[in-house]
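Protein chains in written order, with the numbering used here: chain A, 51 to 195; chain B, 5 to 280; chain C, 2 to 129.
No lab work stands behind these hints: they were computed from the structure. There may be inaccurate statements among the hints.
Derived DEER-like restraints, expressed as beta-carbon distance ranges [what the hints assert, rightly or not]: (1) 126(C) - 127(A): 25 to 35 Å; (2) 102(A) - 42(C): 48 to 58 Å; (3) 268(B) - 144(A): 55 to 65 Å; (4) 209(B) - 80(A): 18 to 28 Å; (5) 114(C) - 160(A): 38 to 48 Å; (6) 127(A) - 31(B): 35 to 45 Å; (7) 90(C) - 80(A): 23 to 33 Å; (8) 116(B) - 102(A): 52 to 62 Å; (9) 184(A) - 90(B): 17 to 27 Å; (10) 43(C) - 184(A): 26 to 36 Å.
Taking lysine-lysine pairs in the DSSO-like style, the calculated list, with each CA pair at most 30 Å apart, reads [as the list claims (entries may be wrong)]: (11) 39(B) - 52(B); (12) 227(B) - 209(B); (13) 209(B) - 95(C); (14) 227(B) - 162(A); (15) 227(B) - 39(B); (16) 6(C) - 121(B); (17) 209(B) - 6(C); (18) 121(B) - 162(A); (19) 121(B) - 95(C); (20) 162(A) - 161(B).
Stretch-level coverage of chain C by chain B, calculated; a stretch enters the list once three of its residues show a Cβ under 8 Å from a Cβ in chain B [unchecked claim]: (21) 4-11; (22) 77-91.
Just so you know, even glycine gets a beta-carbon here, dropped at the ideal spot from N, CA and C.
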Amino acid sequence: MADLKRYDNRLGIWGWLGGGRWGIDRYAYALHRLTGLGILAYFLMHIVVTTFRAKGIYLWDKHQILDQPIFRIGELLVFLAFAFHALNGLRLVLVEFGFAVGRPIEPIYPYKTSLNVQRPLFVVVMIVAAVLVCGGGWEFLGLSH
Amino acid sequence: MPGNGAVREVTFHVRKFDPTKDSAPYIQPFTVPVKLGMTVLDGLHYIKEYHDQTLAWRYSCRMGVCGSCGMLINGRPTLACNTQILDVASSRLTIGPLPNFAIVRDLAPDLSSMIEKHQSILPFIVRAEAELNDPAGEYFQSPHQLEEFLQFTFCIKCGCCMGACPTLATDLRYLGPMPLGQAYRYNTDNRDDGSQQRIPVVGGKVGVVRCHYAGECSRACPKGVDPARAIQLLKRQLVSSYFGLVAKQPSQKQGPNTKGTRLPDIPDAPPRTVKP
Amino acid sequence: MGETKLWTWHLIAGVVILVLLGLHMLTMHIGELTGLFVANRAVAPTAPINSMARDSQIGFSIGYVFLLGVALYHGLYGLRNILLELTLPEAAEKVLTALLVVIGLGLFSLGTWAAIASHAVALTTGRG
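Okay, chain A solo, but in the shape it has when bound (with noise of 0.2 Å):
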């Protein structure tokens, strides 16, 4: 029987996003559930606070209740979900309405499905969020309010 050599058989850090076994486009889609409830929470809370200045009540305005750190946090995150959310839905719109899946093919080993065809719009998608991310973060960093 031959010497066989030990294999280190560990995932690592990757063990935790799945370990590989879900493609990029489950986490994409896992991601998109998440933003969206993130979102939606935001908002129905947004529509009763902006609801105040018909009062003359500007719950927003410098010293008022809204103007903590915690907020402007919360307000950050929120726009990071949205630039994902929104970008990702683009690509979604394109795919779901059957124009960037590719025309049915002979299947050839190894197999090329539509996520392959849809893969570089994919990447031109997550660029532009990655860049308005960081555009997002240098506003909130850079500009004190």
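Given the structure of chain A, go ahead and fit chains B and C onto it with the hints provided.
Frame of chain A, contents of chains B and C only:
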């Protein structure tokens, strides 16, 4: 990777469940000596022969065309006969039944839900009964027309896509990638007349709207059928139909082939013996 | 097919929100740089005086109401999507849908009233 018949010991962690004895599935480890080229199916046979005669699973063709042996191997739904042990594991291999289905016993899932959902989308060529009973000729289909849905005809109904789908993980009623992909296959087949009958099923609450393009179905498919592509194209068909963007194309008419002429030395066909 | 129609409008609403919400966020930041959409460049665009300046313009009021409606539809339909995938009993699903419609219409009414009221207040404050 051992060659020359060298053997590596791989531990198979198999999810077992006997409905007459157990209240929940449990993992049982078995050690299997693995040579290069052995598939997971070979490993299961070894376990049944030398370790545990009660281990139950489904298989048939052992060459990736029947779709019986779909299981969860190291966290991915795939065919056991198609998966080389040393491709996916070096010392440890976990096997379980296909997720999102009830378990009948050990590694055999209850696929009846998938079959019923498949039946609900009318997975056959729908034509007027008069035509089917008394055909006047053949249906014409060009290679280009075939190409538009050929990919989705390779489906072997193994259920791996159903096991991988994140929506099916929580939603029992969702039709799933396989039925929706097959609905597209029949809608796009130019010989078929049944689009209008399928639309209420696939356009309803448990149809295409529950797909969010996670793409796991296409990643899991062992035959490269790409159900994710089929579902998005089906969505396009439904939206086009909603906005009235597609002109109603008459389906292929039957007819005798008038383009060709018979060569003179070919005799007439014998008279019909079967009454229509 | 009814569900497909709702879903189609959900996607279209998403694209509309991309544009309008992007403009909304831009509005809240561009005042300091360009003087657009503000009355007083020296203070933040979100300050009451600038907010009232926008509320006095009918274009903004209509835009806000439109964005509110589209965003409520998109968000609550998305939430309904998530909840309906949990295999709830049929009756619970009907109750859920009705609840979300009520919440949506309620918040839309609230927001529309606020837009109209603040438009009126902004006009009188401007004139007075």
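We went through each hint and held it up to the structure:
A hinted range of 25 to 35 Å holds for the C-beta pair residue 126(C) and residue 127(A), which are about 34 Å apart. Between residue 102(A) and residue 42(C) the C-beta distance comes to about 25 Å, which lies outside the given range of 48 to 58 Å. Between residue 268(B) and residue 144(A) the C-beta distance comes to about 58 Å, which sits within the given range of 55 to 65 Å. Remark: the range hint 18 to 28 Å for residue 209(B) to residue 80(A) is upheld by a beta-carbon distance near 22 Å.
Taking the beta carbon of each, residue 114(C) and residue 160(A) are about 60 Å apart, not inside 38 to 48 Å as hinted. The supplied range of 35 to 45 Å is met by residue 127(A) and residue 31(B), whose beta-carbon atoms lie about 40 Å from each other. Taking 23 to 33 Å as the suggested C-beta distance range, the pair residue 90(C) and residue 80(A) conforms, at roughly 26 Å. At roughly 56 Å, the beta-carbon separation of residue 116(B) and residue 102(A) lies within the given 52 to 62 Å, and the hint holds.
Checked against the hint of 17 to 27 Å, the C-beta distance between residue 184(A) and residue 90(B) comes to roughly 44 Å, which is inconsistent with it. A hinted range of 26 to 36 Å holds for the C-beta pair residue 43(C) and residue 184(A), which are about 28 Å apart. For the hint linking residue 39(B) to residue 52(B), the alpha-carbon distance of about 17 Å falls within 30 Å, and the restraint holds. A C-alpha spacing of about 29 Å is found between residue 227(B) and residue 209(B), which places the hinted pair at or below 30 Å, so the restraint holds.
Among the hinted pairs, residue 209(B) with residue 95(C) is consistent with the structure: their alpha-carbon atoms are about 12 Å apart, no more than 30 Å. At roughly 11 Å between alpha-carbon atoms, residue 227(B) and residue 162(A) fall within 30 Å of each other, so this suggested pair holds. A distance of roughly 25 Å separates the Cα atoms of residue 227(B) and residue 39(B); the hinted pair therefore holds under the 30 Å criterion. About 22 Å separates the Cα atoms of residue 6(C) and residue 121(B), which keeps this hinted pair within 30 Å; it holds.
Taking the CA atoms of residue 209(B) and residue 6(C), the gap is about 11 Å. The hint holds against a cut of 30 Å. Between the alpha carbons of residue 121(B) and residue 162(A) the distance comes to roughly 27 Å, so the proposed pair stays at or under 30 Å and holds. Taken as a hint, the residue 121(B) and residue 95(C) pair is honoured in the structure, with Cα atoms around 23 Å apart against an allowance of 30 Å. For the hint pairing residue 162(A) with residue 161(B), the CA-to-CA distance comes to about 20 Å; that is within 30 Å, so the pair holds.
Given a C-beta distance limit of less than 8 Å, the hint that chain B covers the segment 4-11 of chain C holds, as 6 residues qualify and 3 suffice. For the segment 77-91 of chain C, the proposed coverage by chain B is satisfied: 5 residues have a C-beta within less than 8 Å of a C-beta in that chain, meeting the threshold of three.
In this structure, the earlier hints numbered 2, 5 and 9 are contradicted, and the remaining ones agree with it.
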